Amino acid sequence: MFKGVFKEQAVQVGIGFVFVIVLLGTFVLPEWMSNNFMYGLSRGLAVLGLMILWRTNLVSFGHALYYGVGAYSVAIAQKYLGVTDIFLRVVIAIIAAGLLGYVLGFILRKYREIFFAMLSLAFSMVLYGLLAKAEFLGSTDGMSISPSTLFGLEIGRFGLFYFIGLIVIISLIFAHCYLRSSLGHLTTAISDNEIRVEYLGYSVQKAIHIKYIISACLAGGAGGLMAASLGQVDPDSMVLWSVSGELVFVTIMAGLGNILAPFIGAIFFEFIRTYAYEFAPQAWQMIIGGTLLAIIFFLPGGLWSLFEKINPFKKEKK
Amino acid sequence: MQFLTTVLFDGLIYASYLFIVSLGLTITFGVMKILNVAHGGFFAWGAYLASISIIYLGDNEYNSYFYYFAIFFSAIIVGLFFGYIIERFILRKMYNEDIHLIVLATFGLFWILEDLILHVFGVDPLMPYYPAMELGGIEIAGIFQGVYSLTLAALAIIVAFICWYFLKKTKWGKLLQSVIFDREVSVSMGINVTNVYLITFIIGGMLGALGGAYIAPTISVSPGFAIDVVVMSFAVVVIGGMGSVPGALIGSLIVGLVRAFAVHQAPILELFIIYAIMAIVLILKPEGLFAPPKPRKI
Amino acid sequence: MKLTYLKTIGKIAITGLIASVLPLSVNAKDTVKVGVVSFLTGPAAGPFGTPAKQGAELVIDAINAGTMPAPYNTKGFGGAQLDAIFSDESGGGTKQVGLFRDFVQKQNVDAMIGYISSGNCMAIGPVADELKKLTIFSTCGTERLYEEKLRSHVFRTQGNAVGDSLGAAKYIADEYFKGKVSTADKMFTGINQNYAWGQDSYKFFVLGMKQYMPSAVASSKPQFPKLFSGQYGSEISALSLDPAKIVHTSFWNGDFEAFMLQGLVRGFFSKKILVSSVGGSGVDSLGKKFPDGVIMGTRGNVGLIVRNDQTPLNKWFVESYKKRYGAYPLGPSYQYARAVMLYKIGMDSAAKKAGKFPTQDQVMAAMKGITFESFVDKIEMKRGGGHQAVHSIAYGVTKFNKAKGEPGIEKVIKYSASCVYPPAGVKSQSWVESGMPGRKCN
Numbered sequence: 001m002f003k004g005v006f007k008e009q010a011v012q013v014g015i016g017f018v019f020v021i022v023l024l025g026t027f028v029l030p031e032w033m034s035n036n037f038m039y040g041l042s043r044g045l046a047v048l049g050l051m052i053l054w055r056t057n058l059v060s061f062g063h064a065l066y067y068g069v070g071a072y073s074v075a076i077a078q079k080y081l082g083v084t085d086i087f088l089r090v091v092i093a094i095i096a097a098g099l100l101g102y103v104l105g106f107i108l109r110k111y112r113e114i115f116f117a118m119l120s121l122a123f124s125m126v127l128y129g130l131l132a133k134a135e136f137l138g139s140t141d142g143m144s145i146s147p148s149t150l151f152g153l154e155i156g157r158f159g160l161f162y163f164i165g166l167i168v169i170i171s172l173i174f175a176h177c178y179l180r181s182s183l184g185h186l187t188t189a190i191s192d193n194e195i196r197v198e199y200l201g202y203s204v205q206k207a208i209h210i211k212y213i214i215s216a217c218l219a220g221g222a223g224g225l226m227a228a229s230l231g232q233v234d235p236d237s238m239v240l241w242s243v244s245g246e247l248v249f250v251t252i253m254a255g256l257g258n259i260l261a262p263f264i265g266a267i268f269f270e271f272i273r274t275y276a277y278e279f280a281p282q283a284w285q286m287i288i289g290g291t292l293l294a295i296i297f298f299l300p301g302g303l304w305s306l307f308e309k310i311n312p313f314k315k316e317k318k
Numbered sequence: 001m002q003f004l005t006t007v008l009f010d011g012l013i014y015a016s017y018l019f020i021v022s023l024g025l026t027i028t029f030g031v032m033k034i035l036n037v038a039h040g041g042f043f044a045w046g047a048y049l050a051s052i053s054i055i056y057l058g059d060n061e062y063n064s065y066f067y068y069f070a071i072f073f074s075a076i077i078v079g080l081f082f083g084y085i086i087e088r089f090i091l092r093k094m095y096n097e098d099i100h101l102i103v104l105a106t107f108g109l110f111w112i113l114e115d116l117i118l119h120v121f122g123v124d125p126l127m128p129y130y131p132a133m134e135l136g137g138i139e140i141a142g143i144f145q146g147v148y149s150l151t152l153a154a155l156a157i158i159v160a161f162i163c164w165y166f167l168k169k170t171k172w173g174k175l176l177q178s179v180i181f182d183r184e185v186s187v188s189m190g191i192n193v194t195n196v197y198l199i200t201f202i203i204g205g206m207l208g209a210l211g212g213a214y215i216a217p218t219i220s221v222s223p224g225f226a227i228d229v230v231v232m233s234f235a236v237v238v239i240g241g242m243g244s245v246p247g248a249l250i251g252s253l254i255v256g257l258v259r260a261f262a263v264h265q266a267p268i269l270e271l272f273i274i275y276a277i278m279a280i281v282l283i284l285k286p287e288g289l290f291a292p293p294k295p296r297k298i
Numbered sequence: 001m002k003l004t005y006l007k008t009i010g011k012i013a014i015t016g017l018i019a020s021v022l023p024l025s026v027n028a029k030d031t032v033k034v035g036v037v038s039f040l041t042g043p044a045a046g047p048f049g050t051p052a053k054q055g056a057e058l059v060i061d062a063i064n065a066g067t068m069p070a071p072y073n074t075k076g077f078g079g080a081q082l083d084a085i086f087s088d089e090s091g092g093g094t095k096q097v098g099l100f101r102d103f104v105q106k107q108n109v110d111a112m113i114g115y116i117s118s119g120n121c122m123a124i125g126p127v128a129d130e131l132k133k134l135t136i137f138s139t140c141g142t143e144r145l146y147e148e149k150l151r152s153h154v155f156r157t158q159g160n161a162v163g164d165s166l167g168a169a170k171y172i173a174d175e176y177f178k179g180k181v182s183t184a185d186k187m188f189t190g191i192n193q194n195y196a197w198g199q200d201s202y203k204f205f206v207l208g209m210k211q212y213m214p215s216a217v218a219s220s221k222p223q224f225p226k227l228f229s230g231q232y233g234s235e236i237s238a239l240s241l242d243p244a245k246i247v248h249t250s251f252w253n254g255d256f257e258a259f260m261l262q263g264l265v266r267g268f269f270s271k272k273i274l275v276s277s278v279g280g281s282g283v284d285s286l287g288k289k290f291p292d293g294v295i296m297g298t299r300g301n302v303g304l305i306v307r308n309d310q311t312p313l314n315k316w317f318v319e320s321y322k323k324r325y326g327a328y329p330l331g332p333s334y335q336y337a338r339a340v341m342l343y344k345i346g347m348d349s350a351a352k353k354a355g356k357f358p359t360q361d362q363v364m365a366a367m368k369g370i371t372f373e374s375f376v377d378k379i380e381m382k383r384g385g386g387h388q389a390v391h392s393i394a395y396g397v398t399k400f401n402k403a404k405g406e407p408g409i410e411k412v413i414k415y416s417a418s419c420v421y422p423p424a425g426v427k428s429q430s431w432v433e434s435g436m437p438g439r440k441c442n
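Protein chains in written order, with our numbering: chain A, 1 to 318; chain B, 1 to 298; chain C, 1 to 442.
Possibly wrong hints are sitting among the right ones.
[What the hints assert, rightly or not] Below, simulated DSS-like cross-link-like pairs (lysine-lysine); rule was C-alpha separation at most 30 Å, straight line:
1. C/Lys245 <-> C/Lys203
2. C/Lys356 <-> C/Lys106
3. C/Lys226 <-> A/Lys79
4. B/Lys93 <-> A/Lys309
5. A/Lys110 <-> B/Lys33
6. B/Lys33 <-> A/Lys206
7. C/Lys132 <-> A/Lys79
8. C/Lys149 <-> A/Lys79
9. C/Lys352 <-> C/Lys315
10. A/Lys79 <-> C/Lys203
11. C/Lys414 <-> C/Lys210
12. C/Lys427 <-> A/Lys79
13. C/Lys353 <-> C/Lys132
14. C/Lys315 <-> C/Lys33
15. A/Lys79 <-> C/Lys221
16. C/Lys368 <-> C/Lys382
17. B/Lys285 <-> A/Lys110
18. B/Lys285 <-> A/Lys206
19. C/Lys203 <-> C/Lys149
I should point out that these hints are in silico values taken from the structure, not numbers from a laboratory.
The structure presented is a predicted model; accordingly, all values stated were derived computationally and were not measured.
Make a model of the complete structure from these sequences and hints.
If you want it as structure tokens, here you go:
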């Protein structure tokens, strides 16, 4: 599956992009900007997961479930197990979210369209209900997360930034290889015609289940990294249905065209957010709502389609 | 005994309020097959408009009948105004699009409507308590329940009756049922489906706004309070069956009573239990408990 | 092809860089930039956030102009003018942490003042220490802030929930039930918001009642609705069913008003005795409707309880506030003003000692462990390693003043700091549970 991956254009561009961001963030740009890059890259992971599902014609309105599970597992690991190692944190987040995705996937893989969306929403609100009332998890206050370490030493903001960059690169490589493999090609096949896929001998449900687990892992990793970057988790920012809505919004805004699109979209989102809070703090929701409508009507391919138009090098969907 | 009666009344009051709000949502879904997230926006606007009207009337000591006039009037205005604009200029262009995009569009609209409230009505919470304060409390099973809240239950019953009568006994109701069943066939039968969609959306919006407007005197109306209600009414619609009016009734009763019981007995479950039920219903009977039968089409 | 891509990306990045450099500025030594955070939207804005902002604003402007009465009558903060950036506290801890980082790293503030919600304080505290930025909390009440861990860069000019709850318990035991207690009266319950402040307030009320009224029985079903819920129908039903007569609440923002109104409709207050540790805002907004006989605290000598105190500072504050904003200053107005005053004292004495514009460390050293004059009393920064304030706590009973046509409060008793707060270095919970050794009550 991983053969010759580094020769692929999409992967090279992706890695290059991440490198440029990291270099800029370290040496050139002010710290608040690298913060935004960190948040953007982290969130982009979740959006990447959503993108994989979306290409299969499955929209999850409850992905904040895995995002929140990832974030909270980092917080819980710190509180009860004293874990601050960044590597461990990400692994815990991914595994926790992945396990949950595996279990719930058995149920969700049977549903399509609006039922899939609603059921995923219901599950995420179940978690929200539990977290908001659980006093030992901080109820609506949430929990604090101390700065991350590696081998016992604090890695600081830049260390965290590099680590996030590394995870993003790994995810890009993985996503690319997955999507070009036969299992990955099933994505578009399933969204076109499920019955035909079954006739070809593939199990649609199993394929969806695997995609679901992958997207859950990505969202969990995103949550864990976000938790480490922000230093704070609470149910309203991580698990509430409006968080799922924001993730879906970024997915549309970014476009489905390329594995890099989610990250560009997510970073763009963070910057809009920062400026909106500073200059028009009460118009933030209107800005998102208006942008969403504008994209649906005028730019259905998302930001990536803009990028494709100005750059004739992109040929096929990767 | 006292405990059960109290829980029953609390549950009924909450269920009535959910019913009025969810009715609009389920009708919109049944007819137009759209899950309208912006319904929360109707709800919020209805509440806010009614609140400022009531506060104005109350401060200037008008006759109390005006309060109820204000409530219904607010609901009608909000439904008409936003319902028309949203359906005519946004939704109408999207009927052939992917259903997810439509839902997302309504999501964007919800955000916009919520934000407009901040700009139009300001950021302070509004407490239009006058109608509730006037009607006072009545002793039931040893504790006081608000009389106004009980009228909410009466309103729900009236609305349910009107709905049933309309759908089953009038010509318009039959037209509506035909459109619900199959849009294309209805068009070929000469029904002006475009208008039906518009009117349905407006009425759905009015109902959502009515729910918000009527409940306003008993709560604190503040920015963002609609977010919890939206997803709660989703739960009701899913449990009862999307597109089913009796489903909305049963769904709201279940949610209302379960929640009341949870608040009294096991508060930690309060939020989680409803969504757990929603998930269970989706798993066992995804169409909902009372879903209208869906014909299989090739 | 890769090179072309890198070039394109590089071009975009450079543009972004240029755009970002523009707002970069270095603070001149004649201005200090301070972020002031309170609830400017949502249910907490009207009763808390806006009065808080106004209290800070009034005092900042007065100090900038040098018009505040002594001992704050010198111009400026260490000679510098304070440029306040008011920010909205709503949206939850995670959002506030993000905003805090922006304030420190993008806007390069010299200090941060404010924060009402305990949840936000718990979230911001560690980040303030991580980013090494002086932060003065003005209002939040959770005692966990300093008892879980000492803070290097965080100060708090408001006493924590322990004092409020213990004061309430003592008042009930000593004043309210002087000799006329029946068994039914000794049962108590509570309705508090389900987050750090509400949970801690009730916890210490229960502990306090055990000490002051050992025969009192705590209800098995205290209510903890969600913060900002605004809707208490079921909770009021549950409390009505509860045989307990005494109901403790630490409700503060619009939730308090909503609860009062919804309770009034249902005749709740004719059957229960409400103990409110911070309900002052509701008293003003409900006016005549606010029931008499509610045991009310204001978290210190602020707000309603000291409205008519005639010390020069207080007189000036109440009159200027009323003149500028058309209403009486509430508890939060005092709290935020107090935080600004501490900052001024720190800046002034550090500047004096250093002979020039002081560094942040010098300012913090000048604030640590001091006692400073507030409007009606003295604030001692003597807990939490010299970072946490203690002061006296007052409780009274509400009674509408018909003659003046204003809300009023009577039977006010003040408890000194050493009566309701543990001594330095002692953890609150163990102190109360072991019988509050070393307390000195008048």
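Starting from C/Lys414, check that the Cα of C/Lys210 is at most 30 Å away, please.
21 Å, holds
Does C/Lys149 sit within 30 Å of C/Lys203, going by the straight-line distance between their CA atoms?
20 Å, holds
Would the hint linking A/Lys79 and C/Lys203 be met if the CA-CA limit is 30 Å?
22 Å, holds
For the pair supplied as a hint, C/Lys132 and A/Lys79, confirm whether the alpha-carbon distance does not exceed 30 Å.
Holds: C/Lys132 and A/Lys79 sit about 23 Å apart, inside 30 Å.
Verify the proposed pairing of C/Lys149 with A/Lys79, using a straight-line Cα cut of 30 Å.
Distance ~14 Å between C/Lys149 and A/Lys79 Cα, so the pair holds.
Holds or violated: C/Lys427 and A/Lys79, Cα atoms, limit 30 Å.
20 Å, holds
Below or equal to 30 Å on CA atoms is what counts here, so check B/Lys93 against A/Lys309.
25 Å, holds
Given the hinted pair C/Lys226 and A/Lys79, is their Cα-Cα distance within 30 Å?
With Cα atoms ~23 Å apart, C/Lys226 and A/Lys79 stay inside 30 Å; holds.
Regarding the pair C/Lys368 and C/Lys382, is the alpha-carbon distance no greater than 30 Å?
Holds: C/Lys368 and C/Lys382 sit about 8 Å apart, inside 30 Å.
When you check the alpha-carbon spacing of B/Lys285 and A/Lys110, does it fall within 30 Å?
Judged against 30 Å, a Cα distance of about 12 Å means the pair holds.
30 Å Cα cutoff - pair B/Lys285, A/Lys206:
22 Å, holds
Regarding the pair C/Lys245 and C/Lys203, is the alpha-carbon distance no greater than 30 Å?
This hinted pair holds, its Cα atoms lying about 18 Å apart.
Going through the hint list in order, the structure satisfies each hint without exception.
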